[in-house]
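Undergrad: Given chain A, work out where chain B should sit, using these hints.
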Amino acid sequence: MRFLHRHRGLTPYLLLAPGMAWLAVFFLVPLGFLAYQSLQSGSIDFGYAFTWAWGNYWDAIRNYRPQFVRSLEYAGIATVLALVVSYPVAYWIAFRGGRWKNLLLLFIVAPFFVTYLIRTLAWQTILADHGLVVRTLQSVHLVAANGRVLNTGTAVVAGITYNFLPFMALPLYVSLEQIDARLLEAAEDLYASRWKAFLHVTLPLSLPGVVAGTLLTFIPAAGDFINAQLLGSPTNHMIGNVIQSKFLELTDYPAAAAMSFVLMTAILLAVLAYARAVGTEQLTG
Amino acid sequence: MSAVAVPTPRRVRARVRVWTFVRRHLLTAYAVLFFVYLLLPIAVVIAFSFNHPTGRFNYVWQGFTWDNWRYWDGVPGLRSAIVLSLEIALLASLVATAVGTAIALALVRYRFRGRGSTNLLVFLPLSTPEIVLGASLLTLFLNLNVVFGFWTILIAHVMFCISFAVITVKARLVGFDRHLEEAAMDLGANEWVTFYRVTLPLIAPAILAALLLCFAISIDDFVVTYFNSGSTITFPLFVWGAARNGAPPQVNVIGTAIFVFAVGAMLANVLVQARRSKSAG
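So the protein sequences, as listed, match chains A and B.
Quick note: the first sequence uses the working numbering, first residue 10, plus one each step.
Quick note: the second sequence uses the working numbering, first residue 2, plus one each step.
Just so you know, these hints were derived from the structure itself, not from any lab.
Cβ atoms here follow ideal geometry from the backbone N, Cα and C, with glycine treated the same way.
Accuracy of the hints is not assured; some may be wrong.
Just so you have them, the derived chain A footprint on chain B, three or more residues with Cβ under 8 Å [as the list claims (entries may be wrong)]: (1) 25-33; (2) 43-50; (3) 101-107; (4) 141-148; (5) 152-159; (6) 224-234.
Just the calculated beta-carbon pair ranges, DEER-fashion [as the list claims (entries may be wrong)]: (7) A:ALA195 / B:VAL17: 17 to 23 Å; (8) A:GLY288 / B:VAL23: 33 to 39 Å; (9) A:ILE70 / B:VAL17: 55 to 61 Å; (10) B:ILE168 / A:GLY288: 20 to 26 Å; (11) B:VAL261 / A:LEU199: 48 to 54 Å; (12) A:LEU112 / B:LEU125: 31 to 37 Å; (13) A:ALA195 / B:ARG12: 55 to 61 Å; (14) B:SER232 / A:LEU37: 23 to 29 Å.
Only chain B is shown next, with the shape it has when bound in the complex:
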């Protein structure tokens, strides 16, 4: 009854509701637009991997073909560049994650002299522009007359991956329940057994995340590699060289393949976590 007697608040409330509706969907509409913008270049990359370019340049849509996928290594030098990129990424992510995990353990578990400077040294490479990282390493190798190639690239990649590995593993260790380790020790396990049977399984997801992150960063790196590769060609360097005279559509094929693989891995991770949190909750 009171609603009839006092109509104004209701009209106000209705107006508020309309306004909220508009605003809520305005933000949603904006988010949709944002994602279109974000994903548009990816769609272009995928679409142009099926293009049938008539000339040198793969810029204009000419027609659909499976050929680029069928003859993905029809471009000289592409296969060896991909193989090299995979090798480097695999080795660099393994080494960087191993030493990075050790640093993270030391930083979270122990109070020791020089902790501050350790943190600083881990943080500094992240806040240095890539071009400076690449250039300084180049001057080191030049001055020591090191031959540029596989090893200089690997050294560079491990260097810039370490900090990412440390940060990833550290984040997990900070929220780690140390009572589990103490319990293991109380039950008679020594330090090594505790580490292998308790600590390692618990931080395994973080180690895996660090590995994947380092792998992704390494396989995508152009700038630092460009400075320290000599005449050796990784996949990004191949793209750079090819871009000067028009990149062949096979470059898009590889780009699409990497994208699909990476998204698949991430999606699997998201799904596993969702299932785990559902069963836990």
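Okay, chain A solo, but in the shape it has when bound:
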């Protein structure tokens, strides 16, 4: 106590120490180990040695380009779909929810209360070959008579969209909810139509939510392998599937480590490109 009084400047560091140490040792240091591993060569039987094996990176990109491209593509499509699907609902809750807002938000996050794997398995059941959904789609000729949905790219994208939807809907809701209704009244007083008021007032003000939702959806989606595994066929495998099998089944650690870094770099580049497009102040603000 007296020690603390004498060294008041120390208090924040004492508060930080345990948590920061944990993150340093079990998050930062492991990233270093991953980098170290990615530049090793050898095999699991004869041991790996650090040899500055940059070739691992080129091999990763050269051999698994389709999977990298597919990961970004599926994640990108799913993110756009999630945005389009959930924006009207976030808007509806924010402006029309009234006293039911909290309950409706509970509905939005309800999928999170079912174990990720179990809800993905539920989609397996829903999209199964002779299920109601597929038969309906067949009868309106959206799917060929002997066609299927399960084990296709469509199913994988649909699964990703569903699984990360709350990540998109919640930030959208938060930014829409904060909008001052008087601004919209002002727009209408100035003879803006409802649509124009939406386009010039509501939409720009909700942009921080769009940006946050997009990032929260895209980043985990690009690294996902569960949807591709459970809802897709091997031709729909994403880079996550490759990294997972290299690490845990083939024990080809250096290649898998290199791929992990390529994935992180690809995501970072995509996020930076996105940041340029929407403006950086939206990202930090």
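TA: Leaving out everything else, chain B in the frame of chain A:
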């Protein structure tokens, strides 16, 4: 009278009203459809926990039965997986919330050198794909020859829960009225007493929220656990293994139980808040 004399605006107004009505209900109808889509898989999970599958696969509705609920641990390995998941989630959420609350206090209350990098280090794990978190921790443990199992899973879970705890508690601390603490000090309370009697009760809801959030994230985690569990099986890992040869309906039973429990907790929270805001307003 003027309304009769000038009929056009009224007709226009009527048309506008119809249009508004359609549009308003169009959005509502869309929202209803959206919620059907959102809740459909949950309904499937619950319904299939009562299914009576004839073969290995629990995909097609065969008939209603209570048996899966009655013999919920009739599948070997399921009970131990659930117990392990609960233990890990409980410990991880306690540790992560404790250290996370401390970080949040330091970040909001103090100006110190290294604040920016602290914020960055808290934010980074959230923006890293789970597979990279899992893979990097795996290489650490492999290189240090650590035995995979309970402790590696716990370490991993605390790691990815800390950031969530910090963010949750920080959000509450930012809107905190510091005058209350100053008042306590003026009345002769020292720093510790002020912390226990004033600060802690005020941020208690945020701490509870952080605990629940961490618990939920931990018990649901598959990816990071998959990389760092060795041959130890948590509930999500059990589901993953079972899915390969057809998941038994008992998996749906546990999924439903977790869902009902979590929704119950959230609903209670929503109701309490609603009552509190009603009595406050």
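Undergrad: All hints are to be evaluated individually against the structure, with a verdict given for each.
TA: Hints, verified against the model:
1. 25-33: holds (count 5)
2. 43-50: holds (count 4)
3. 101-107: holds (count 5)
4. 141-148: holds (count 3)
5. 152-159: Three-residue rule met by the region 152-159 of chain B, so holds; n is 3.
6. 224-234: holds (count 3)
7. A:ALA195 / B:VAL17: 17 to 23 Å: With a Cβ separation near 20 Å, ALA195 of chain A and VAL17 of chain B satisfy 17 to 23 Å, so the hint holds.
8. A:GLY288 / B:VAL23: 33 to 39 Å: Distance hint for GLY288 of chain A, VAL23 of chain B holds at roughly 36 Å.
9. A:ILE70 / B:VAL17: 55 to 61 Å: At 58 Å between Cβs, range holds.
10. B:ILE168 / A:GLY288: 20 to 26 Å: For ILE168 of chain B and GLY288 of chain A the Cβ distance comes to about 24 Å; the hint holds.
11. B:VAL261 / A:LEU199: 48 to 54 Å: Given a distance of about 50 Å, which is inside 48 to 54 Å, the answer is holds.
12. A:LEU112 / B:LEU125: 31 to 37 Å: Since the Cβ atoms of LEU112 of chain A and LEU125 of chain B sit about 34 Å apart, the hinted range of 31 to 37 Å holds.
13. A:ALA195 / B:ARG12: 55 to 61 Å: 28 Å Cβ-Cβ, so the 55 to 61 Å window is violated.
14. B:SER232 / A:LEU37: 23 to 29 Å: Taking Cβ atoms as reference, SER232 of chain B and LEU37 of chain A lie about 28 Å apart, which means the hint holds.
In summary, the structure is inconsistent with hint 13 from the numbered list given earlier, while agreeing with all the others.
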